[in-house]
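Spelled out, the chains give:
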Amino acid sequence: MKKKINFIILLLITISLVYLLNNPTHNTPPLGKFLNPYSGFWLNGETDQNMVLDKINLKNLEDEVIVQYDSLLIPHIYAKTDKDLFYTQGYLTALHRLWQMEFQIKEVSGELSEIFGSKTLYKDRSQRRKGIVYAAKRTLEESKKDIKTYNLLNAYVDGINDYIETLSYKDYPIEYKILNYKPEKWTLLKCFLLMEQMSDMLSMGDMDIEDTYLVNTIGIEKYNLLFPEYTNDLEPVIPKGTKFNFYNKNKYITNNTIVKDINIDIMNKPNKYIGSNNFAISPTKSKDGSSYLASQPDLSLNLPSIWYIIHLNSSNFNTMGASLPGAPGIIIGFNDNIAWGETNAKRDVVDWYKIEFKDSKRKEYKYGNKWLKTEKIIEKIKIKGENTFYDTVVYTHYGPVVYDKNFNSNTNKINLAMRWIAHDSSIEYKTFIELNKAKNINDIHKALEHFDGPAQNFAYATKHGNIGLTIAGKFPIKWEKQGKFILNGSNPEHEWQGMIPYEHVLQYQNPKNGFVSSANQHPVDKNYPYYYYDFSYENYRNRRLNDRLKSINLITLNDIKKIQNDNFSYKAYEILPILLSEIDTLSLDSTLEKYFNKLSNWDYFSNTNTESPAIFVTWWKIFKEKLWDEFDTLKYSYRKPNSYNTYLLIKENKDLEYYDILKTNKKENLSDLVNYTYKLSIDSLENWKKNNKNKLNWKDYKNTTIKHLLNIKSFSKSSVDIGGYNNIINAASEDHGPSWRMIVKLNKIKTEAWGVYPGGQSGNPGNSNYFSLIDDWGHGIYKKLLFNNNYIDNRKNIIYEKKFNN
Amino acid sequence: MNFLIRILINGISAYYFISFLPWWSIIFIPFLLGYFINENYFNHFLSGFIGIGIAWIFLIINLNSGNESIISEKIIQILNVESINILTIYSSIIGGCIGGFASITGLSLKRIFIKTKPRKKFNF
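First to last, the sequence lines map onto chains A and B.
First residue of the first sequence: 1, per our numbering; consecutive thereafter.
First residue of the second sequence: 1, per our numbering; consecutive thereafter.
You may find that some hints are simply not true.
[To be verified] Simulated pairs of lysine to any residue, SDA-like, Cα-Cα distance not exceeding 25 Å:
{"no.": "1", "chain 1": "A", "residue 1": "K4", "chain 2": "B", "residue 2": "I114"}
{"no.": "2", "chain 1": "A", "residue 1": "K561", "chain 2": "A", "residue 2": "S360"}
{"no.": "3", "chain 1": "A", "residue 1": "K713", "chain 2": "B", "residue 2": "G66"}
Bear in mind the hints are in silico, worked out from the structure with no lab data behind them.
Quick caveat: nothing in here was measured; it's all calculated off a predicted structure.
Turn these sequences into a full structure, and let the hints guide you.
Below is the structure:
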């Protein structure tokens, strides 16, 4: 008996040991599974790229495909059929980026709690309530109508899945092993969810609810002073004074009462500092007579990088550039004939409608003199280690009721439905697939008609010397100020008035001055017959960009590189003289004087090893905090005036009640505030120095970090050696910046391109390529991209080549 | 059978382990050795522990030097382990423990079926 007990005890020990080591405990991966030398993390180290590439096995091809990789690990695919081309793109993208592709989808569709447990529940609920999946499903239905695009998309999906099928635990990307979950099958819906993610990131930001609350609190006059829609010195995308030969025949409504009693805490919003620039140069303005296209999308700086560079070649395509992992085709790039690049074209395409339900069952809501029926969708949110969470979201014909008694609405009375252009079905992929093979400006124009959003400023250039810019997207027609504040959902007059027809969309080609450009500024001046609005347009980078382009007579490749890496702070150039003139220089001690002199002699360039940008940025931040301290007493979500308007206000107003610092008994004026905040900032900087080897330099102070998507420190790169900041062309801030720098030169003989981005083609932190381009990116060193129509011509510059057959 | 030979068998079985099986299948060889070879518990635990542990150390050193520690240097920061060497040792202890316990589990099963001979000194 004793022996039996002995055996049972030992057996139990062994089994539970295996069990424990094969399953995760709180916050640690399953140790045995993770650390063993057969399938654990040790196998995720990759220093020999050929060992990775040798695993490629394209099984479901129609015809022959040749795959090459160059020394940057950029794949070059030469296929006979388009289907094979996109199939291979899917397969190869997954090879380097599978985890990131899937994680982005989980995040946007509100499924993170499956992996992380209840700590991401709020985030998941926010995503679900915005109706992201609902929108992607509508687009999926729509996509079936265009069979050609549909087939190519499906080929891409098949490629991803064929790669996933080859994997067992030991091959999983490291993040799966750390978090202990496994890749799921890819679907067409996920490709559309990725586009919704772009919309979520680029077109979701609005201030309707905050501004309604503000108007109710501070009154419309003060609101208009602090948050003007236009200022005098705008430099819009479409040059000032452009005439339009059409009218907006829609009605105007002036009766616009502001909804009262808004007490809502707003869900998290995308970072408003996202900003990009692009420009095209015509042959008349370039030194070598070629056309140039430069594109620099500024987004959240992440690893694995948001972009994957790829070259696609078949009888219909020969295109290269930045693709989004999870989306077929090229998003920002070029082909033999044309080049194109996008910047975000913000427009108020999100509106909020106050909904009046008939009763607490919420089955009907008021619309005119009728009651319309609602639809309820129950969102099932799976949570790791806990019971599934069910959230009921009520849908109106406008869209989902995001804020209600179940979510963030502090009184039961307020129900807000969201009308968002991204909820409409759309066919963006068609735009990109057509752009990828466009031959001339007409093809581009046709391709952009299918582009619904997130609205973008598309700049383009062709090898025949045409350049142009189109603000593509679906834009609702609105009456003056419609949707600036919360709208009344029961009043049919508050509906959007239809969409601006494509022939009225803003665009211009071949201007006399030889260039087109954009940098997230106002699209156009007030001459445009349609009302447009956004709460935050750029007014620094655009002016600097145009100044630079105007000041150079004949532009060279080198000039363009310099412009993309330009560190001039227009903001400091305008603001600093005002601040410095208010400083009481007699009262400065030696430290304060030292910094004062430094700032006075600054040339406004935010270069890596200078001190002045750190002083200015800190001072302006603290100054704004103290200036707008009146806002801190507000209880619910609000916003403060932006830098540009703050500058205008302090320039033009010596007396502003806001100069007063609430904390003190004294009534401060501008000069008091300037001197007070100056001392505070120098204190803060001296403090920083003490903790950082007594050396202040911009690069370390700013600490630009390329963050891994899971925010794992050793998978991220911090303190990157790069200058610039928000509102500077080289827009590298703490965590945002130029996510891809591309320059394309086109002429009748050939297309050449240069590019660099903060990351590497391989998304595996254990691959030697993972961080590879970050330093070059920071220093503005570009890589010439290998681009040939025939694969034989690549042979000198490749590390891998293999032919696959069906 | 000789203690060293058992270590060798355990070690070789773990070193040339077929990687498509789940990693914990390494328990079967030490288990069988424990079942078929009559030795005391301590002796068996040790041969399982050392055999598998050492095999893992070799395997890990091979893998890690093959990829220039590119992944392990990042993982030690996540797991808060001081150095790659220490992580290697921790990992091998995991393999060793499993091997050791598997081995004495095999032995204890065997002992159910055999009549106890005149008592040997119990060393466990």
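Against which earlier hints does the structure fall short, listed by number upward? When the structure is compared with the hints, only number 2 turns out to be violated.
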